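Q: The lines below spell out each chain.
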Amino acid sequence: MKYLYAWLLAIVLFVTSNRAVAQTNTLLLRCKHQLGDAILQLHTQQYRNGFDEPITFHMLKYYLSNIVLTDTQGKEWKTKNFIYLIDENDSTSKCISINVGNLPIVMISFNIGVDSSYQTVGLQTGALDPLKGMFWSWNTGYVYAKIEAQSAASKAPTHAVSHHIGGYLQQQNALRKVQLTAQIPIRENLVLVADLQKWFNSVHALPIAQYPVCHSPGTLAMQLADNIAQMFSLSKLP
Amino acid sequence: MKQTFCILLMVIMTVLGIGWINITYKPKLIAWIVPKGWPKPTYRFAQNRLTEEGVALGKTLFFDPQLSADGTIACADCHQQFAAFTTYEHSLSHGVGNHLTNRNATALQNLAWQSNFMQDGGINHLDVQFLAPLTAPNEMGADLEKVVQYLQKNSRYSLLFKAAFGDTTITTQRIGKAFSQYLLTLVSYNSKYDKVMRGEAQFILPEQLGYDIFKKKCASCHREPLFTDGSFRNIGMTLDSTLHDVGRMHITLNAADSLKFRVPSLRNVAVTAPYGHDGRFYSLYNVFEHYRNQVVGGPTTDSLLRRGLPLSNYEIGQLTAFLHTLTDSVFLTNPQFGGTSFGTLKMGNHPH
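Residue numbers (this note's numbering), protein chains in the order written: chain U, 782 to 1019; chain E, 55 to 406.
Keep in mind that the hints were calculated from the coordinates and are not lab data.
Source: prediction; values computed, not measured.
Cβ coordinates follow ideal geometry from the N, Cα and C atoms, glycine included.
Do not take every clue at face value.
Listed next, the stretches of chain E that the computed footprint assigns to chain U, with coverage defined by at least 3 CB atoms under 8 Å from CB atoms of chain U [what the hints assert, rightly or not]:
#, segment
1, 223-233
2, 237-244
Quick list of the computed label-pair ranges, beta carbon to beta carbon [unchecked claim]:
#, chain 1, residue 1, chain 2, residue 2, range
3, E, Val-350, U, Ile-820, 44 to 50 Å
4, U, Cys-876, E, Thr-223, 24 to 30 Å
5, E, Pro-353, U, Gly-817, 44 to 50 Å
6, U, Val-849, E, Gln-348, 29 to 35 Å
7, U, Gln-827, E, Leu-358, 32 to 38 Å
8, U, Thr-805, E, Gln-57, 38 to 44 Å
9, U, Gly-817, E, Val-350, 50 to 56 Å
10, E, Thr-114, U, Thr-805, 46 to 52 Å
11, U, Gln-827, E, Lys-80, 42 to 48 Å
12, E, Thr-223, U, Met-840, 23 to 29 Å
Go ahead and model the full structure; you've got the sequences and the hints to work with.
A: As structure tokens, this is what we get:
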């Protein structure tokens, strides 16, 4: 019996010591979705975009991949997984933990979308399982970012605003890289704010009245991707 | 003594535990052979080793109408073995709620050599292909989540998944791999043509004359031994004003690809009527008529066909004789593919 205890103790020690050895600090990256200064609420709240068009959101999902944090000495820290699916409706998905060193973080970079190398080799699991509803079956590829919403300005059936943005083929590439520098080096939590106003209006002016639906790769998807890349900023407030 | 016993017990339990995992999961690998003289397949078998259990699971899925939204349509309803896995005598096929597909169902054969799927090449891997018909509202109209739930609740599938993959976990990836395993076994290489090439048979005169014409006028696109070069081409078929199908351009969004469709294999072509991407040609004769008299020379029409393909009535007769040598009755009746038993034909059920 004594041996059994010793055995268990050894396991416990092994597991805990392994953790202690790596001198890392865990940082939380939180995604926060807003329209201007207003916090996004699905279903219940009506907002106005930059074209004064009313809009109520029902779904917001997007992929963040290849997230890299850079500390004050230029050392890079990566997330455990390569790809994360952020879903407004799933609060755990909006919080990503990253192991970093003891130095504060000055820069973050990530891609919005999925590398083409994941899109030509068959089916993936986890965040990339087609069950997550972010996969085009008729034209193989992932949807990188998606909103389902409604607006009186939309002439689509049920006044839908439905943007599914993706594309990896040449001249359809909707993968966008974002790089943000922190004004003050960050030691604790990183808050990544996405302002959905910019989804419709930043690099390109894409009013709902003209562009209620985007369901395939192509020019509109790439323009929306340009806009989406402009949504993000780092906030110091939790 | 008690201590030694304790250690021994722990060791034995660990060994047994590991052993048990290995003992219960021993799928039988299938040797997948490339027919002599054929190119290397494009499918990456190393990532999805064919096993008897995997193929059995794929076959069960292929014949299961419960996967569809209303439990009426299986893959096998549109892909019938005796018609080389096309829909027999249908230009377009029926999906759930009697909706029609937008295209003529293609033959399912020699898929391991194809680098893309569907006649516009929109699908880039065999493992993901099933998602399109499964979820399309005019085909099986299913919700992927519900399909996974149905499979999870079904004890027969639990056993099949466990036998194929080692445990009962059901993921989209596993479903896709199982479909592929079954589909990859559908290799047609035993037609008279193949036997002639292997020196096991001889063409009769009209077949030989037809083969000579074929090599001159058709083989640049319908390349041997697969009878397709896998490229996308416009053979000068007019745009159907009800279907508005622009083919490859739908995927590449490039105007230069307008009205281009993948060159279809002509293996088993005698049993796959009607023909053309929308099934507008009812017989081989209609296809020949097209090539010699109806080619429309648009901006993307293939340069080989700009002025049509001159074919005399004699040549048409000889070409027809040759095309019939591509019928592989071993393939069409192979009981291992599962589509030959009476129950699965469901002729009585079929609306037309």
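Q: Could you run down the list of hints and mark each one as holding or not?
A: Against the structure, the hints:
1. 223-233: holds (count 5)
2. 237-244: violated (count 0)
3. E:Val-350 - U:Ile-820: 44 to 50 Å: Once the Cβ atoms are compared, 58 Å apart, the range 44 to 50 Å for U:Ile-820 and E:Val-350 is violated.
4. U:Cys-876 - E:Thr-223: 24 to 30 Å: At 26 Å between Cβs, range holds.
5. E:Pro-353 - U:Gly-817: 44 to 50 Å: holds, 48 Å
6. U:Val-849 - E:Gln-348: 29 to 35 Å: violated, 58 Å
7. U:Gln-827 - E:Leu-358: 32 to 38 Å: violated, 59 Å
8. U:Thr-805 - E:Gln-57: 38 to 44 Å: holds, 39 Å
9. U:Gly-817 - E:Val-350: 50 to 56 Å: Holds: the Cβ-Cβ distance is about 55 Å, inside 50 to 56 Å.
10. E:Thr-114 - U:Thr-805: 46 to 52 Å: holds, 48 Å
11. U:Gln-827 - E:Lys-80: 42 to 48 Å: Cβ of U:Gln-827 to Cβ of E:Lys-80: about 60 Å, so the range 42 to 48 Å is violated.
12. E:Thr-223 - U:Met-840: 23 to 29 Å: This hint holds: roughly 27 Å between Cβ atoms.
Hints 2, 3, 6, 7, 11, counting from the list given before, are not met by this structure.
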